[in-house]
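J.: Since the structure of chain A is already known, use the hints to place chain B on it.
There are 2 protein chains.
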Amino acid sequence: MAESHLRSLPEWTRLAAHADRMTLPENHLKHLIKQTSRLENFSISGCELFYDFTRQRIDAQVLKSLVNLAKARKIKQRFNQMKAGEVVNTTENRAALHTATRSFSADPVMHDGLNIMPDIRRIRDEIRQFSADFHSGKIAGVNGQLFKDVVVIGIGGSYLGTEFVATALQSLADKNVKLHFLSNVDSDNFGAIIERIVPETTLWIVISKSYTTAETLANSNMVLRFLTEKGLQAKNHFVTVTSKGSPGDDPANPVLKSFHMFDFIGGRYSVTSAVGGVPLSLYLGYDRFEEFLTGAEEIDIHANTASAEKNIPLIAALISVWNINFLGYSAQGLIPYSSALSKLAAHVQQLNMESNGKSVSSCAEPMDVPCGSIIFGEPGTNAQHSFFQLAHQGRPFPIEFIGVLNPGNDQYTGKSKGVTNHQELWANLMAQPQALATGKDDKNPARFFPGNRPSSTLLINDLSPKNIGRLLAFYEAKTVFEAFIWDINPFDQYGVELGKTMAGDIRNEIAEKNKNPDYQFDNRDSVRKFYLDVLFNHKI
Amino acid sequence: MAESHLRSLPEWTRLAAHADRMTLPENHLKHLIKQTSRLENFSISGCELFYDFTRQRIDAQVLKSLVNLAKARKIKQRFNQMKAGEVVNTTENRAALHTATRSFSADPVMHDGLNIMPDIRRIRDEIRQFSADFHSGKIAGVNGQLFKDVVVIGIGGSYLGTEFVATALQSLADKNVKLHFLSNVDSDNFGAIIERIVPETTLWIVISKSYTTAETLANSNMVLRFLTEKGLQAKNHFVTVTSKGSPGDDPANPVLKSFHMFDFIGGRYSVTSAVGGVPLSLYLGYDRFEEFLTGAEEIDIHANTASAEKNIPLIAALISVWNINFLGYSAQGLIPYSSALSKLAAHVQQLNMESNGKSVSSCAEPMDVPCGSIIFGEPGTNAQHSFFQLAHQGRPFPIEFIGVLNPGNDQYTGKSKGVTNHQELWANLMAQPQALATGKDDKNPARFFPGNRPSSTLLINDLSPKNIGRLLAFYEAKTVFEAFIWDINPFDQYGVELGKTMAGDIRNEIAEKNKNPDYQFDNRDSVRKFYLDVLFNHKI
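Line order of the protein sequences matches chains A and B.
First residue of the first sequence? That's 1 in this note's numbering, and the numbers climb one at a time after it.
First residue of the second sequence? That's 1 in this note's numbering, and the numbers climb one at a time after it.
Be aware that a few hints might be false.
Which copy? The list can't say, so a pair holds if one copy fits it or any two copies do.
Unchecked claim - As a list, the in silico EDC-like pairs of lysine to aspartate or glutamate whose alpha-carbon atoms are at most 16 Å apart:
| # | residue 1 | residue 2 |
| --- | --- | --- |
| 1 | 175 | 195 |
| 2 | 529 | 505 |
| 3 | 34 | 200 |
| 4 | 415 | 509 |
| 5 | 76 | 442 |
Source of the hints: derived by calculation from the structure; they are not laboratory data.
Chain A with its partners taken away, still in its complex shape (with noise of 0.2 Å):
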């Protein structure tokens, strides 16, 4: 195991004194952009990305301090033990194979002394298969029509990946077929889904590792309700991703098709497996998805074998720990400049959040520096016109944009000002990691642009499965290695018990005063009592 205490070993209090130096007016970043070969020094390529971190506050000897620093914590030993099959999420006593799932290599991946690629290949297989069927209609509803609604049921990391790559996705997709997710136990939610779908020739995908999830049963048991109302059946109408065994995959409770997930691999890294593989290849058809994947794989290999110099995620992962660590920035916004990109900031939020907001180390002592950070964001240029009035001139913040080259849609576009929609979209990309670094001096105070506003520009060629996989395993590494420079253990989330262990007490009282009219709710805590009360008086 790795030291928890950070702040003692030899690199940090390096970094520690750089940081010290960085805050001098001489290294605002409207000078630092100005070094001869910045953009050569402060720029990596690879699998087709471009990481700009010109604007971001570092030099040459904070790089290379943070690199050392990546290496005493043998950050890509750990990411080969992981991809290996080491049990790297230690808590749970499990290993972390999201980068088994994307494998295309023949090489075996061990787990408990068995090779998983057998299974993984297929459950792959099966998807094909499916998604074969689906299309050419030999699964159809039950008037023998083509399934035209595809309903994922699924919370948290069962959806939020899935959405973003549907989303980003969205013009590649199968125009008659469209995809719904309810997640939100709120009956609002099912109730926009309900109004926009014909029940008899819609496909319902219930995602849950357990099959316990209270959200997910809930709404899986209402929709089971609206299906009977309908005369339709589960087994005609609902497709399973579960654990082998679990309550979604009793054959005593029949549905069409019921596709095995494990446990090896965590909720919020598991697009790239059945969990994202079922909808995405109902939507995209399984060729997309297959695209989809080989560009996550080829970031998986990236992560895995570049130079610590030359590795994107992991020189990412370290300015992160840097802006969050010596610089003290608490939150980081996560700005592409696509539309297509509308859902990347809330699975990055869910993903990176977590994974490492966490406050002990991987064996379980309390950390002595902060880990993990706020991630939000919205589109650019849109983010423009929302909050970048705070990023400018108040509290400062680093952001991540994403920028991509070949627009999809423009058969439309003319010129504006003299220029295209795409380029008046890069106009913009390009002048706000500007702005943010010189800033502007003003004597009105008012007009007064600080600078000195960290950036980073991440750039992909357009909007093809391929990108979209290498965006998606880009988050996956960085998180991993920002966990690995901490030693925190990204896979678990024990942080979410509690607030679970307490709806469930409520729960049973709310279930009690439903059995039973006259129960009294408890009156040890007024606050609780009194929001009972008003559930169920209906009235404020």
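T.: Relative to chain A, chain B alone:
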């Protein structure tokens, strides 16, 4: 003008001392919430809202000092001045009269020596008439069929509030009308819309006060080319909401109808003006829009007249300032337990961060305390399965929970684990603030919950237009009250100017290259040159 040096105010000094006291172990929230009459003393009702701040890290002394701060800063007087049409937007020498747009009072509102209410009423009448004609088919597509799709072309304040309200009231919408938003200049935004509409029965509403917003112009131009290709014309398919006499209100470019907006209503405060009124009336019917206005008006009156101690947005603003300036939180979560409120956080993010993300006072002196905070959120319970790990065990941030007492769409609800879906939702809404506040001891640090994480809960009765109006006006009043405490100007946004200027420079270079393919990009800035070359080479 009030003093911009807040730190020297006696009330400020007193609050700073309270903050020290509140960090003592005996003032952990798990103890505070057990105080006698905690609920009675730390909650307020009014306008059918219930605002519970029992789980904020405050006690009676803090609350009293906060109220004294509000009085010292004369924030209620300022609200009154704003509502009465005084020039509260000092830097731009304008009034801020969004409250007038929902006034149904017979009293005049004077601006520049004129009563503006007749104009406000005239525009409401025009919206009512246009909406009636739209729904009756008196105004229809060129083929005589009713319009079926309405596309709002606008960015930032020209659409975010409307999107929030439309999503919240979706279940009440005219089932024959679909509402879309074309905000981003990214051609993918346009591409996704044209796949879903029928051009002959689509109405486009272009919203821009100046009619010079680069994104909105570029998008309108793209739509005009699209219409021309389809043999259609702006005079039958375009509606504009813009300033009188702007290029969007020019008889030389005829449109179906122009609605006027005024320079005394800022974009992010404009939902209750024609900006929200035109699209919302077409989508929901004018009467529902007016109901929505009456809810907003109620809160304006409450904010203006309720005593500080019983004033919901004022107390909420004081708590924001307490959390930001005295307890040091730099971000705030906004978590509505309602899918229908899924766009609330994006709206409030703009409203609050663009208004209060400032560093200078209203008389342009540098502030001596930080203002504004990052605002982000997703609906609950979704957020619990996403970033709540960090909220419970990582870095703390205050949260505003929102509960809707009576569900919509619950016709298929039954019981799962003995409770309905809505009750399950509420069990979670009740559990989270409690878990965040009290935490849980555990010998295993990985299962230890520090607690002491503050939150408020705001309840509304249901998703009626009136309650959504109340919610909208609550956040507007809260935002301006925060600004009045700091004495910053919540109505300007100079922070967005530098990026615009730089984008303009880059746009000019791109336009030059479009005209002259031999043009070589200026190589004084190698990073900029790199991006421009990449853009024209179409390859990373």
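J.: Next, verify each hint and record whether it holds.
T.: Now for the hints, and whether the structure bears them out:
{"no.": "1", "hint": "175 - 195", "result": "between (19 Å within a copy, 9 Å between copies)"}
{"no.": "2", "hint": "529 - 505", "result": "within (13 Å within a copy, 61 Å between copies)"}
{"no.": "3", "hint": "34 - 200", "result": "neither (63 Å within a copy, 54 Å between copies)"}
{"no.": "4", "hint": "415 - 509", "result": "between (63 Å within a copy, 14 Å between copies)"}
{"no.": "5", "hint": "76 - 442", "result": "neither (46 Å within a copy, 33 Å between copies)"}
Checked against the numbered hints given earlier, this structure breaks hints 3, 5; the rest are met.
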